[in-house]
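Chains as they are written, first to last, in our numbering: chain A, 1 to 217; chain B, 218 to 475; chain C, 476 to 757.
Heads up, some of the hints might be wrong.
[Stated by the list, open to error] Straight line, CA to CA, 25 Å or less: simulated DSS-like cross-link-like pairs of lysine-lysine:
1) A:Lys6 <-> B:Lys272
2) B:Lys253 <-> B:Lys448
3) A:Lys135 <-> C:Lys486
4) C:Lys601 <-> C:Lys638
5) B:Lys448 <-> C:Lys696
6) A:Lys71 <-> B:Lys272
7) C:Lys522 <-> C:Lys750
8) B:Lys307 <-> B:Lys246
9) A:Lys33 <-> B:Lys474
FYI, nobody ran anything at the bench for these hints, they're computed from the structure.
Just so you know, these numbers come straight off a predicted model, no measurement behind them.
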Amino acid sequence: MSIIMKKSVPIALVFITAVIFLLEYFVLPTELKSTVTMLQNWGIILTAFTLGFGAVNMFVFHGKQVSRRAKGQWPYSLWLLIILVLFTLVGVIMGATSTQYSWLYNSSYFALSATVYSSLGFYMTSGIYRALRAKNAESALLLIVGVIVLARNAPALAAQFPILVNMDSWLSSVPTTSAQRGIMIGAALGAIALGLRTMIGRETGFLGQTTEGEKGG
Amino acid sequence: MLVAGRMFALGMLIAICVLIIVCMELAKKNLPTFRKIAGLDALPEMIGRAAEMGKPVHYTTGLGELNTNMASQLVAGLSVLSYVSEICAKLGVRVIYTVYQSQVMPIATELMKEAYTRAGKADEFDADDQVRYMSGEQFAYASAVQGVAERERPAANIMIGPFYAESMLFAETFYRIGSIQLAGTARGYQIPFFAVVCDYLLIAEEIYAAGAYVSKDAVLTGSIRGQDVGKFIALILMLVGVILTLAGSNALINVMKL
Amino acid sequence: MTAKPKTIWDKLEDIPREILYGLLLVCIIVPMLFPIGFPVPISAEVKRWYDTIEALPAGSVVMVDFGYSGGGEPELAPFAVATYAQLFRKADIKVVTMSTASEGPLLWEKAMTELNIARFGKEYGKDYIHIGYIAGTETAMAAVGKSISATTTTDYKGTPLSKYSIMQGVDSAEDFALLIEYTTGGDQSEGWVRQWYTSYKTPYLCCVLAMMVPTMLPYQKAGQIVSVVSGAQAGQIEILVKAPGRGVKSADVITVTHLLCIALVVVGNIAYFGKKFSGGKS
């Protein structure tokens, strides 16, 4: 594929689309509304397609694991493929809102998902026990703040000691919010920089290429 | 013609974009330098440890997706992946990259292949083994990565990108198997969890700098410099705003509402 | 060379993971099986949430985003169920639900079953509706904000939206009096601020996981979100709405487990300092 198709055309498309969205937001909201709505709908359809793309990739990857009898892996890959096909068949034949599909989801994926998420509580407990030690000034501060927040979030303790609510409120409103705002500003600037680099063709990571020949100094 | 209430935002956006472009161009002539970032300086040491132990290195960019506003963090993670892959190739260490979003697979495969080629070890790169698409579902992905940790028992775990609730799952699991860990994310929710468990940490901004730091790429470095100037502008606006507000004036607030 | 015997400080400083997890498990299961009935104080954020919904005038249309996945269901669903109970108790309030998470429609059905919607006398398609999962997160939010009919033409079951009376005169963000979000993802919770509040100034209530609240607070402080609450506060909203459920039951568990964590932190520090002052190295 020529360099024009691989690089120039995608970059031009990105640039034109970005300019349309920016113009619609800042300058011509009424005139460009239908165009932007159409582009947004295209984006939704493309995103939905990536789900299918993901499923195809799963088949390819795990199919290879099964065909190669990859040691310690292939039974799990086979099971994954069986479940994938089962969900797909039930969803397509019975409907994704059918009782059968709901049962399948609730009894398998939902239960597993909630369980894995809940295991976080255990990891956090061991993490807290190890980390909140007053080894130096900074960790002592972390310890004090951590205990205040833990205590405040225990409803019974908050009811018994209302001062915890005030302390937690101050911690949330002042140092935490300030730090989060700083991080947000930085993240927003990062997003602007990435968007700009993508628009002007300086960021080609999404095309599968690193930026080359731009060594400085 | 300009939409009311958005003119100040447009002006700021244009100013920041111009600044970033100028900084990128200036960086080609005179590359800006970074302060030391301990986590990134420790990468060769971490990979060296893996080489001595004969164990692989695990790399993840979390729940990075190209089509969301987390793309910038994913790209930062991929930049460091390229660097890590090159070092791993040179030292003969297997690097395993577990993928969340399938669209990232071809990009990561290309980046890693290029890295191996730069290291002169193109034939040692095995995309099927080293670039593993796990799942597009958060906890299915998290479980899969934990499975990789238990089976492969990597000596080093590098996590740079957007992480969600699975951050603690990863950090604790790799801690338990004895991996040395470097983590970095700009998602404020997860920084505390990494801070508590990992050996090295990149906080927020540092992951954007990481890509530029390791590659010495003028475009990325100049872009970081432009972002830093943008932060100075934000800081000045904040200070001016505080002073004016304390003096009883809403002038800056009214300007920002234009 | 023989290893030094472990002192009490060594043992307390490095309690095996199995014991920690075992203690936590006991602290979760016992209050679940034998509720203690600890008091549940109502926080300012939850009260503001409740008052905002109570203040909705008759005829208001509310948009709800069921944007969480199965992992977040135990924490967020009780809050969602209590809020729906409050909405459905109010006369002439219409609720349009969508999902920015693929599991959203299934979890919404689960929540509606738990709510036992029949007792409110509400009719699907007339008083409430679910317009389905719309992919794209912020793209979806922006598209729906501009025009629901241009984004999706059916509900989550595939029935055309034109068949439902609730959707008459309801098409864009401007037609909604309130936006409520339940999510485990920062992309959704922050995305609604950018796509709906910034463009349409729609009042926005946000319910997220407890760990996400500090990051969402700046938006609340800036006035972009009316109230940010965590699913862990479900007990409070259940008390206000007078519909006790899983949330109130969990409040006991939350108290006991938090007390356990504090106790473990204290033990760890006592062990650390005990070892330090007795000449050992940590």
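Comparing the hints with the structure gives:
For the proposed pair Lys6 (chain A) and Lys272 (chain B), the alpha carbon gap of about 37 Å is over 25 Å, so the pair is violated. For the given pair, Lys253 (chain B) sits about 20 Å from Lys448 (chain B) by alpha-carbon distance, which is consistent with the 25 Å threshold. Annotation: proposed proximity of Lys135 (chain A) to Lys486 (chain C) holds, straight-line Cα distance about 18 Å (limit 25 Å). In summary, the hint linking Lys601 (chain C) to Lys638 (chain C) is supported, as the alpha carbons are separated by about 10 Å, within the 25 Å threshold.
Simply put, Lys448 (chain B) and Lys696 (chain C) have alpha-carbon atoms about 21 Å apart, close enough for the 25 Å limit, and the pair holds. Of the pairs offered as hints, the one joining Lys71 (chain A) and Lys272 (chain B) holds, with about 18 Å between alpha carbons and a cut-off of 25 Å not exceeded. Proposed proximity of Lys522 (chain C) and Lys750 (chain C) is contradicted: the alpha carbons are some 47 Å apart, above 25 Å. Proximity of Lys307 (chain B) to Lys246 (chain B) is assessed by CA-CA distance (about 30 Å); at most 25 Å being required, the pair is judged violated.
In summary, the hint linking Lys33 (chain A) to Lys474 (chain B) is supported, as the alpha carbons are separated by about 23 Å, within the 25 Å threshold.
Checked against the numbered hints given earlier, the structure breaks hints 1, 7 and 8 and satisfies all the rest.
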